[in-house]
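Chains as they are written, first to last, in the working numbering: chain Y, 780 to 1090; chain C, 780 to 1090.
Bear in mind the hints are in silico, worked out from the structure with no lab data behind them.
Any given hint might turn out to be false.
Partner residues are not named here, just some residues of chain C that face chain Y (Cβ under 10 Å, in silico) [what the hints assert, rightly or not]:
id: 1; residue: P816
id: 2; residue: N826
id: 3; residue: D866
Some, not all, of what chain Y presents toward chain C, calculated at C-beta under 10 Å [claimed, not checked]:
id: 4; residue: K900
id: 5; residue: N962
id: 6; residue: I963
Given the structure is predicted, the values throughout are model-derived calculations rather than measurements.
Cβ coordinates follow ideal geometry from the N, Cα and C atoms, glycine included.
Number of protein chains: 2
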Amino acid sequence: MISITSEDIYQSIVLEDMLNAMEAAILAHDEERTNTPQRTHINSKKNTFLMMPCFGEKYFCTKLVSVFPDNADKDIPIIYGTVILNDGHTGEPLAVLDAKAITALRTGAVGGLSVKYLVPKIENLGVIGTGIQGLHQALFTCTVRKSIKNVWLVNRSSERLVWFEKEFRKYFPNINLHKAKNNIELIKNSQLIITATTSSTPILPNDADLLKGKHFLAVGSYKPDMRELPDALFSLVDEVYVDTFHAIEESGDLAFPLEKGLLKREQIHTLADHIRQQTIPTNTAKTTLFKSVGLAVFDLFAAALVYEKMC
Amino acid sequence: MISITSEDIYQSIVLEDMLNAMEAAILAHDEERTNTPQRTHINSKKNTFLMMPCFGEKYFCTKLVSVFPDNADKDIPIIYGTVILNDGHTGEPLAVLDAKAITALRTGAVGGLSVKYLVPKIENLGVIGTGIQGLHQALFTCTVRKSIKNVWLVNRSSERLVWFEKEFRKYFPNINLHKAKNNIELIKNSQLIITATTSSTPILPNDADLLKGKHFLAVGSYKPDMRELPDALFSLVDEVYVDTFHAIEESGDLAFPLEKGLLKREQIHTLADHIRQQTIPTNTAKTTLFKSVGLAVFDLFAAALVYEKMC
Chain Y
780 MISITSEDIY
790 QSIVLEDMLN
800 AMEAAILAHD
810 EERTNTPQRT
820 HINSKKNTFL
830 MMPCFGEKYF
840 CTKLVSVFPD
850 NADKDIPIIY
860 GTVILNDGHT
870 GEPLAVLDAK
880 AITALRTGAV
890 GGLSVKYLVP
900 KIENLGVIGT
910 GIQGLHQALF
920 TCTVRKSIKN
930 VWLVNRSSER
940 LVWFEKEFRK
950 YFPNINLHKA
960 KNNIELIKNS
970 QLIITATTSS
980 TPILPNDADL
990 LKGKHFLAVG
1000 SYKPDMRELP
1010 DALFSLVDEV
1020 YVDTFHAIEE
1030 SGDLAFPLEK
1040 GLLKREQIHT
1050 LADHIRQQTI
1060 PTNTAKTTLF
1070 KSVGLAVFDL
1080 FAAALVYEKM
1090 C
Chain C
780 MISITSEDIY
790 QSIVLEDMLN
800 AMEAAILAHD
810 EERTNTPQRT
820 HINSKKNTFL
830 MMPCFGEKYF
840 CTKLVSVFPD
850 NADKDIPIIY
860 GTVILNDGHT
870 GEPLAVLDAK
880 AITALRTGAV
890 GGLSVKYLVP
900 KIENLGVIGT
910 GIQGLHQALF
920 TCTVRKSIKN
930 VWLVNRSSER
940 LVWFEKEFRK
950 YFPNINLHKA
960 KNNIELIKNS
970 QLIITATTSS
980 TPILPNDADL
990 LKGKHFLAVG
1000 SYKPDMRELP
1010 DALFSLVDEV
1020 YVDTFHAIEE
1030 SGDLAFPLEK
1040 GLLKREQIHT
1050 LADHIRQQTI
1060 PTNTAKTTLF
1070 KSVGLAVFDL
1080 FAAALVYEKM
1090 C
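Please model the entire structure based on the sequences and the hints provided.
This is how it looks when you write it as structure tokens:
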């Protein structure tokens, strides 16, 4: 059994390979070639511990995640995670991997696929929330859309903007980075807007004229009480795309509009058909929305990719 | 996060330390200072995957175990396991440990404690089933009873007898090992009988005269459809001791006699009071029975002991 650190993962992985692995994950999940049992939550005082297994053909894995909110006072991460990868034919444990890098890369790659299949050629990207998720969404977006010239950024913390710039420049030294004054300026300047915040109320203005014809990639809300997207957006989109249908129960960004009747269940799709048909997006006037919450099947395919690269 | 192999565990651990850790585990569980949620079983075709978390004060851990019966045909282990140890105050993953060594040592030590608190000074031990569990039960029994001079052995596989002798000699080169012709000869020659088989029907004769006044340490049956102990034994014992009360639901060795009315729930106790009172067993005529099935709380205290020894 090998131990794979965050540094190992970043050193072994080419972003294009992770995109291919996530295409395979979406198809395997859609075609029921994987089994992802409901995750187990254990609450102890303020803290939460999650066990998330997923069984595939060649491998299975378990992601263990702890969420200790009081860690913020200690200046250490609130979330820690581990992925244990096993041989699917014998059960033998093969590797233990740092879950932070796996989660960031697989979520970023799934977001990148939504751009590949839903968003036409664009030059201007906006990122609201420049933490680890925002960074990885931007990296994979710029990987699938080489046409991007400018990235507009908003974050409450100027430290996180500096961090984002440093990390982003390692991959894309020639793309221009701009700090937007506020979300409205960012939206006006961007054709695709990534939202990667922990907000519980919409962070985009409820203004259909401002949002119309733009593309939205929302990864922040992963619980029913979290929301980034305003009601107005749902009057502009014909379909909403999700990473898996688990997003419907898990994200407030879908639960609220469904409850209010602004969105119907039959308008929600995954990318599976687009991947199978290799659909190329061309309609530049259309407003699109992709909502991602993540699932252990993505951890499985990401961990397997890293393991095979390293062994 | 460090990776701790089976060899690391055996090199770092003195058997007496593991006995002390298991005393602490039994008391912590009895005094509800730990939280052991119900384990999660996931079945896939013939295979089983188990997730067993336990939360303590300083640490928490998750044992992940896979059971792939077809591995027997491939001449590789049917069971593989991993223990992930986390910091109880922050959630940070600290170590990943080989579960085979942890399980063998903690189960052996819990059995050893039952001998310490229930079995008086003896010279002759019998072991039916000389696999990894039988070996570890014998090692810890001989650690707590230095008076033992002879160990009688029965196993269907002569290879496993050779293996047992080699491993046992590393710890106790001066204790005599004997191969018994059958279980009856073994019982006649032994004062304490350890049963560590995977039998689904009683392996001891249903003969009260033969069993009377002897001590039994049964570790084999860990499922409701597994049994090692005959009905006659329950006519001889006033109390049955268990590692934790989970044994009542999990072992056929308790489920069958309870169902038949041969045993009453109020006759079943844990070792917690004996440990608190440091009771020394003196009655040499009494028949005693200890039944152990294991629980993640023992993995937690064993993993923490190994981690602290190594860091």
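Going through the hints against the structure:
1. P816: 6 Å, holds
2. N826: This hint holds: N826(C) lies near chain Y, its Cβ roughly 7 Å from the closest one there, short of 10 Å.
3. D866: 9 Å, holds
4. K900: Violated. Min distance 42 Å.
5. N962: 33 Å, violated
6. I963: Violated, about 38 Å.
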